[in-house]
Amino acid sequence: MTELFAALSLQMGYNATLVAVGAALLGAAAGVTGTFLFLRKRALVSDAISHATLPGVGIAFMVMVALGGEGRSLIGLMTGSAISAVLGLLCVGWLTRHTRLSEDASIGAVLSVFFGFGVVLLTVIQTMSAGRQAGLESFLLGATAGMLRSEAVVIALGGSLAVVLVVLLRRPMTLAAFDPEYTAGAGWPLARIDFAMMGLVTAVTVVGLKIVGLILIVALLIIPPVAARFWSARSGHVAALAGLIGGISGFVGAAISASAPSLPTGPIIVLVGSAIFVVSLLVAPERGVLATLVRRQRFHRAVHLRQGLLSLANGQPIYEPLTRRLLQREGLLRGDGVPTAAGSKAASEMGRDEQRWQILRADPALESAAAQYDGLTDVGAVLTPDQIAAIDAKLPRATPEVMP
Amino acid sequence: MSGAEFVPLSLTPLLIGSFAAMACALPGNFLVLRRQALIGDAISHVVLPGIVVAFLLTGMVATWPMMLGAGGAALIAVLLIEAVRRIGRIEPGAAMGVVFTTMFAGGVLLLELSDTSSVHLDVEHALYGNLESLIWLDAFGWHSLFEAEALRGVPPELWRMAAVLVAVIGFIALFWRALAISSFDEGFARTLGLRTGALGGALVAVSAIAAVAAFDAVGSIIVIAMFICPPAAARMMTNQLGRQVAWSMVFAVTSAVLGYVFAGYGPLWLGFDNSVSAAGMIAVVSGIILALAALFGPHRARRGAPLAG
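So the protein sequences, as listed, match chains A and B.
Take the first sequence: its position 351, counted from the start at 1, is 351 in the working numbering, and no numbers get skipped.
Take the second sequence: its position 305, counted from the start at 1, is 305 in the working numbering, and no numbers get skipped.
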């Protein structure tokens with residue numbers, strides 16, 4: 001626990017600190033980029049991109065070994081993975097545009113074939129005598145233990161670069177995410193914006209390979225935006241929040257992993273993000289589960305109260321237990337089912353409201369107001385006082401008396 | 001190659017690979033048409049946590065608990081995806097992404113936290129499978145196919161995969177018309193009185209069974225590739241569903257056989273002396289078939305309907 005605290009407060013040494021900062025930057029960049037992908041409804045394209053990096057890693061390794069190196073240079077591996085990710089992306093685009101396949105089938109095809117090819121290359125590499133192939137598997141699930149200083153620097157720099165690019169490109173990407181046709185019509189180069197968005201996704205994937213691993217990097221692009229979406233309906237806020245959630249996931253995940261070096265880093269980072277998602281799902285205002293339940297409960301009560309008061313207004317006895325309980329709790333009904341004084345008053349007001357509604361709904365001139373009838377709203381909320389006065393003039397003279 | 005060598009070493013992997021490929025490609029035809037192609041991807045990711053939990057509960061690497069665990073995980077994943085989609089009003093792709101990555105991450109972490117060093121259970125195995133190891137040591141040639149003694153030594157994966165394949169064929173044959181109608185025009189199917197919701201659920205369940213059984217034998221790469229590549233390639237060959245399914249079966253078996261052969265003997269032909277991953281090679285061959293179909297297939301282009309999205 002003390003180790004975890006030390007890691008969280010950046011006291012685990014220079015490398016761990018660099019990695020944690022890099023992971024936080026990476027998470028932030030992934031969260032913001034992912035938001036635009038999510039709003040564009042293309043979240044799973046990132047799955048194809050990330051799986052398509054594997055052959056690039058393998059080929060880069062082989063090339064570096066063939067050139068006489070050790071084959072472990074992170075920059076070399078990242079370059080290779082970026083090239084094959086872009087190839088995969090182009091394949092998805094080509095299949096979707098030039099054949100009858102839908103985008104999800106193209107994604108699945110590219111993902112599985114590229115990944116399968118990567119696995120073939122990995123088995124080839126395993127049999128090569130040259131190079132230090134041990135550790136290539138860490139690109140599958142991510143590992144920060146035993147990371148070199150230079151690698152940590154590359155990751156921190158890559159993360160910051162991605163954040164800067166996201167900030168610069170946020171306006172055109174928002175536009176393209178919400179209304180591609182308008183974006184193209186207004187003279188923006190839509191194809192280039194889309195390409196830049198996908199380029200950013202690729203950049204995030206490539207930087208994240210070493211930390212999160214290629215199977216789970218897609219989680220960093222999807223989970224933060226989805227979690228952030230619960231809290232706000234404004235794209236700018238969602239993007240900023242997703243960046244924050246991604247950054248926290250990356251930082252906390254890398255810190256936990258630094259205090260437990262035997263565990264793969266990727267799953268821990270992802271699970272931190274998932275925990276934030278679950279909390280958002282439960283407690284977010286308006287869209288969260290709790291808020292929905294509370295709203296439903298309130299609606300339920302309002303219907304029962306109104307119907308109960310209308311029954312009282314019409315002099316009908318109430319048998320429904322929940323209605324009775326609600327009316328009694330509000331002090332409108334006595335234990336024996338007889339309305340109190342306050343209850344009689346509320347009931348006759350409710351009765352009048354219902355009668356006003358009936359006149360309103362029968363009047364074609366008030367059609368737009370009548371459309372708002374939901375059996376709960378007060379007439380006063382949809383009409384002006386003089387309109388109500390005009391309606392009241394048509395009310396039958398004798399309002400039915402409430403039975404004592 | 002003589003029967004004495006071929007039957008024990010290559011016959012069973014070839015058969016298991018082909019059965020797995022067909023069992024996945026069959027429901028894959030309908031999933032591709034319904035734009036649910038990535039369900040296979042999601043299922044094959046969540047199988048890992050299911051297997052790990054089953055192992056932790058029972059403490060052994062036995063087939064049935066693991067299959068049950070994997071099936072349970074697939075079921076939970078599908079329910080969770082539905083829940084996230086409905087409660088959060090999230091688009092299906094993103095809901096899927098959230099659920100399967102979370103479950104996969106949980107599975108990996110559980111695996112690393114628990115002591116599984118004594119048993120053969122790791123992430124790489126789950127991804128690649130181990131088709132090459134499913135050999136039939138009791139066989140000494142073609143005549144062994146008729147000897148009860150030798151047949152008892154056939155890897156159990158073969159019988160399991162065959163049974164699952166028969167079950168999948170049965171399901172597709174039984175609900176052929178309903179599946180076809182609801183895949184092309186769900187609204188029309190509903191007006192006919194078909195219970196499209198239940199049918200869609202059954203299709204996903206059958207896919208999950210095929211995926212779990214195939215996963216057990218050959219790993220998750222083949223599962224994802226076979227769900228999508230052969231049906232997608234078959235779609236470029238014809239406009240008729242029956243022919244499409246037939247083509248997809250041909251492509252699935254071709255991928256499995258050629259992939260296995262290339263993986264086992266390709267390196268030898270090129271002068272290397274080690275084989276490569278058969279699962280990966282099968283996926284690559286299916287991808288090559290898809291590429292050829294996309295370039296030359298008679299019905300490759302989208303006609304009439306504008307580009308969606």
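In short, the hints are calculated from the structure, not lab data.
Values in this document were obtained by computation on a predicted structure and should not be read as measured data.
Among the hints, erroneous ones may be present.
[Claimed, not checked] Only some residues are given here: those of chain B computed to face chain A with a beta carbon under 8 Å:
#1 Val32
#2 Gly40
#3 Glu112
#4 Ala148
#5 Gly187
#6 Ala189
#7 Cys229
#8 Ser286
[What the hints assert, rightly or not] Chain B residues, not near chain A, derived (Cβ > 10 Å throughout):
#9 Pro65
#10 Gly72
#11 Pro155
#12 Asp185
#13 Leu194
#14 Gly197
#15 Ile222
#16 Met281
#17 Leu290
All C-beta atoms, glycine included, are put in the ideal place defined by N, C-alpha and C.
Against the structure, the hints:
1. Val32: 5 Å, holds
2. Gly40: 7 Å, holds
3. Glu112: With Cβ-Cβ at 5 Å, under 8 Å, it holds.
4. Ala148: With a closest approach of 37 Å, the alanine 148 of chain B hint is violated.
5. Gly187: Not OK, violated: glycine 187 of chain B not within 8 Å of chain A, min 18 Å.
6. Ala189: 19 Å, violated
7. Cys229: 5 Å, holds
8. Ser286: Interface hint status for serine 286 of chain B: holds (7 Å vs cutoff 8 Å).
9. Pro65: Proline 65 of chain B is indeed farther than 10 Å from all Cβ atoms of chain A, at 23 Å.
10. Gly72: Check passes; 19 Å lies beyond 10 Å.
11. Pro155: About 21 Å separates proline 155 of chain B from the closest Cβ of chain A, which puts it past 10 Å; holds.
12. Asp185: 16 Å, holds
13. Leu194: 23 Å, holds
14. Gly197: Non-interface label on glycine 197 of chain B holds, nearest chain A Cβ at 20 Å vs cutoff 10 Å.
15. Ile222: 8 Å, violated
16. Met281: 5 Å, violated
17. Leu290: 6 Å, violated
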